[in-house]
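Visitor: Spelled out, the chains give:
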Amino acid sequence: MLRPEQMRRLLIATPKGEIETIISELYRHNVYHIEDFVPESESAEALSIGHPLPGASDAASALIKVRAIENACGIDPDNVEIRTKLPASKVRAMIETDLPSIQKEVEDLVATRSKLEARQKEHEQRARELEPFAAVPLDLELYRGYTRFTVFTGHIMHDVSIDVPHEKYFSDKVDGNMIVVVVANEHREEVERTLLDAGFQVIPIPEETGAPADRLAAHIDETRQANTEIAAVNEKIAGVRERHTDLLVACDELLTADVERAEAPLRFATTEETFITEGWVPGDQAERIRDALERVTGGRVYIEELEIEDDSRVPVEYENPSFASPTQVLMDIYARPRYSELDPTLMVAVVFPIFFGLILGDVGYGAILLALSLGLRKFLKGDEGRMLLKVLSYASISSIIFGILYSEFFGAALPWPALFFSRHLNIGVAAGGHGPQVAELMVLAIWIGILHITLGRILGMVNARKFHHGKHAAKAAIANAGWLGTMWGIIIMIWAFYAIPLMPDLTGLPVVVMGFNVAAVAGAVLLVAGIIGIAQENPLELVELPSIISHVLSYARLVAVGLSSVAIAMVVNFIAIGMMIQPQLEAITPVGVIIIIFGILVLLLGHLLNTALGLLGGGLHSIRLHYVEFFTKFYKGGGKKYNPFGMKSKFMEE
Amino acid sequence: MVDVGMTLEMVQASQLGMKALGAGLAVGLTGIGAGVAEMAIGSAAVGATAENRDVFGLVLLLTVIPETIVIFGLVVALLLLF
Chain G
1 MLRPEQMRRL LIATPKGEIE TIISELYRHN VYHIEDFVPE SESAEALSIG
51 HPLPGASDAA SALIKVRAIE NACGIDPDNV EIRTKLPASK VRAMIETDLP
101 SIQKEVEDLV ATRSKLEARQ KEHEQRAREL EPFAAVPLDL ELYRGYTRFT
151 VFTGHIMHDV SIDVPHEKYF SDKVDGNMIV VVVANEHREE VERTLLDAGF
201 QVIPIPEETG APADRLAAHI DETRQANTEI AAVNEKIAGV RERHTDLLVA
251 CDELLTADVE RAEAPLRFAT TEETFITEGW VPGDQAERIR DALERVTGGR
301 VYIEELEIED DSRVPVEYEN PSFASPTQVL MDIYARPRYS ELDPTLMVAV
351 VFPIFFGLIL GDVGYGAILL ALSLGLRKFL KGDEGRMLLK VLSYASISSI
401 IFGILYSEFF GAALPWPALF FSRHLNIGVA AGGHGPQVAE LMVLAIWIGI
451 LHITLGRILG MVNARKFHHG KHAAKAAIAN AGWLGTMWGI IIMIWAFYAI
501 PLMPDLTGLP VVVMGFNVAA VAGAVLLVAG IIGIAQENPL ELVELPSIIS
551 HVLSYARLVA VGLSSVAIAM VVNFIAIGMM IQPQLEAITP VGVIIIIFGI
601 LVLLLGHLLN TALGLLGGGL HSIRLHYVEF FTKFYKGGGK KYNPFGMKSK
651 FMEE
Chain B
1001 MVDVGMTLEM VQASQLGMKA LGAGLAVGLT GIGAGVAEMA IGSAAVGATA
1051 ENRDVFGLVL LLTVIPETIV IFGLVVALLL LF
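Heads up: the sequence lines are chains G and B, in that order.
Counting in this note's numbering, the first sequence runs from 1 upward without gaps.
Counting in this note's numbering, the second sequence runs from 1001 upward without gaps.
For the record, the hints were derived by calculation from the structure and aren't laboratory data.
Hints are supplied without guarantee of correctness; some may be wrong.
[Said to hold, decoys possible] Mimicking EDC-like on lysine to aspartate or glutamate, the simulated pairs with C-alpha atoms at most 16 Å apart in a straight line are: (1) G:LYS168 x G:GLU192; (2) G:LYS85 x G:ASP252; (3) G:LYS640 x B:GLU1009; (4) G:LYS641 x B:GLU1009; (5) G:LYS466 x G:ASP252; (6) G:LYS65 x G:GLU122.
[Stated by the list, open to error] FRET-style restraints, in silico, Cβ to Cβ: (7) B:GLY1035 x G:VAL628: 17 to 25 Å; (8) G:ALA499 x B:THR1007: 27 to 35 Å; (9) G:THR112 x B:GLY1035: 52 to 60 Å; (10) G:GLN536 x B:SER1043: 51 to 59 Å; (11) G:SER171 x B:ILE1041: 54 to 62 Å.
Every residue, glycine too, gets a C-beta built ideally from N, C-alpha and C.
Work out the full structure: start from the sequences and follow the hints.
Guide: Structure, rendered in structure tokens:
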């Protein structure tokens, strides 16, 4: 909580003979994050990178074959439902026995399919060429083989009259019209000019015989037949997928593991007789790994725990309570925390849904989004997608709760008045109660902003000690305090001059100097002290001072975006119900029924649009307030992902 | 510029109208401003995402940053109206 998981840095050295035992033991435990060995080229007797284990290339080429089959069948291991788990030994045997036949079957099917596709394309092409000729009642052999005549065939804009002796067929039944003209060779140029003037475009004469219409029909028939055969082949491929998916994904998994294990020495350092690897394990696992390695090698292993020198090299694994862990996906979008800094996931997990609810506080929309997030869980198989859906479901529950507080249901009021602040606008006839409390809500949003930013700055002071050492740590912490002082100085001065609802009223305090009261003077002192605090770290930072105001005011979006969503919902209700459905219900006529149906359509479409807008607005603005206004105060990020050497078996059992 | 024929109600009504106009201008103009600002960021963001899908989250965020402008416009409009 609030800290990434504790990591310990281990150095493992063993004789080369033990390399396979060590690798498979580490792989089985799936906790050891290997730090890749980078050789230093300067010294001659330096350590060198290890060589892959024997069998690496065999496993890799087998894996390529399996992936090719999966590709041909359209299997994506990430999206495969786990039906049965096959034992690893059986899978290994089946790679030898069953896989080659499956491969042959799939290859044959794919080859047949591509042959059929080529045939289908060819006939389609021929049919396209023949189409214009089908409009002319001439057999195809009549177009060719003359020595004294020239044949013109092609598209033309309109029919033309030709002055010389000729034979002509014109049809406007086909796209772009069709003209066929036969003239004696001596008139060729003259006729060509006449034709070109009318926009003539030559079409080559197909190399076929017989009536064009018959040939066309034959080609279309062939195309259709090829299509049926392709469909049949596709069905067979689908059959292969149906029968062998379990085996294929298991093979994929097994071979991937084989390849990873075999190539692991490429990440180790070796000498003549030994190899050395450095890596990270979570704090509570270190002893277990040490014992396990000593047991499998019979003590022929040297393990030493090293000091952590540079926190940017430590892989980072989140450690959060289970309800907060889906929020890690939102953290990863920004940046994973560094090892030594505070992990704000827990705070985001609590505050994000509250912001979302404040913006989209509506029982109806909340219920739709909740149903959506629960329903989509079946279709989304990736881990990240599922985590996002979980975040969405928490957010929509918060939206329902705030909807009850705001008394909103698709923009309309629930049977009780708003328990919290009212957001009911005076749109249409829906107005009731005391109207929207925009000013109060706005002040509430500003309060949230002030507190959120204050929290951010306090965390910044805590983090300052982690990022910097010695004198600079103190300076950075004071700078953060300076920002905090400047902000509160401005706020107290505003309170001293203006009375704002829901905020302390300091206007009545006794005046001390030049018409300034106690609070104003205190605020000014705080402000100046704050500015000095900021400047002592870096005077250039002072240009950022206006951001204090803009960041606090930015929280007004919690109300503004929410109100705009309420306004859209109320307008949709008013147009659909108030203007279309209700007037017709008083006296039902046939036309009225159509208008009512149209009104229902408007209602559905409008609320659908508003749900999408609410999801986007509520989600993006809430997370933006975290990323831009909150994180910039304390959070650096940029930690490496903890990626242990090993694999969680999905499709196999040991 | 005082029109003799104006009653108090008419003056109040026209003031209300001016407020509504001001609110509309505040949202509309800031909307245009936010749109212009997001235009360049958005096209760069799409380009960056096409190069490397990992930056999607970050560029989505960068794209919505100018939205603050229109939010301020909306806040001003709401304060004018209520």
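Visitor: Could you check the hint for me, namely that G:ALA499 and B:THR1007 are 27 to 35 Å apart, CB to CB?
Guide: Because 34 Å falls inside the window, the suggested range holds.
Visitor: Check the following: the C-beta atoms of G:GLN536 and B:SER1043 are separated by a distance inside 51 to 59 Å.
Guide: violated, 41 Å
Visitor: Okay, B:GLY1035 versus G:VAL628 on CB: inside 17 to 25 Å?
Guide: holds, 19 Å
Visitor: Would you mind confirming whether the straight-line C-alpha gap from G:LYS168 to G:GLU192 stays at or under 16 Å?
Guide: holds, 13 Å
Visitor: Sort out whether B:GLU1009 lies within 16 Å of G:LYS641, counting only the CA atoms.
Guide: violated, 68 Å
Visitor: Evaluate the given range 52 to 60 Å for the C-beta pair formed by G:THR112 and B:GLY1035.
Guide: With a Cβ separation near 54 Å, G:THR112 and B:GLY1035 satisfy 52 to 60 Å, so the hint holds.
Visitor: Assess, step by step, whether the Cα of G:LYS640 is no farther than 16 Å from the Cα of B:GLU1009, and give holds or violated.
Guide: violated, 68 Å
Visitor: Are the Cα positions of G:LYS466 and G:ASP252 separated by 16 Å at most?
Guide: violated, 43 Å
Visitor: Below or equal to 16 Å on CA atoms is what counts here, so check G:LYS85 against G:ASP252.
Guide: Holds: G:LYS85 and G:ASP252 sit about 13 Å apart, inside 16 Å.
Visitor: Does the alpha-carbon distance linking G:LYS65 and G:GLU122 stay inside the 16 Å limit?
Guide: Status violated; Cα separation ~31 Å.
Visitor: Check the following: the C-beta atoms of G:SER171 and B:ILE1041 are separated by a distance inside 54 to 62 Å.
Guide: holds, 56 Å
The structure does not agree with the numbered hints 3, 4, 5, 6 and 10 stated previously, though it agrees with the rest.
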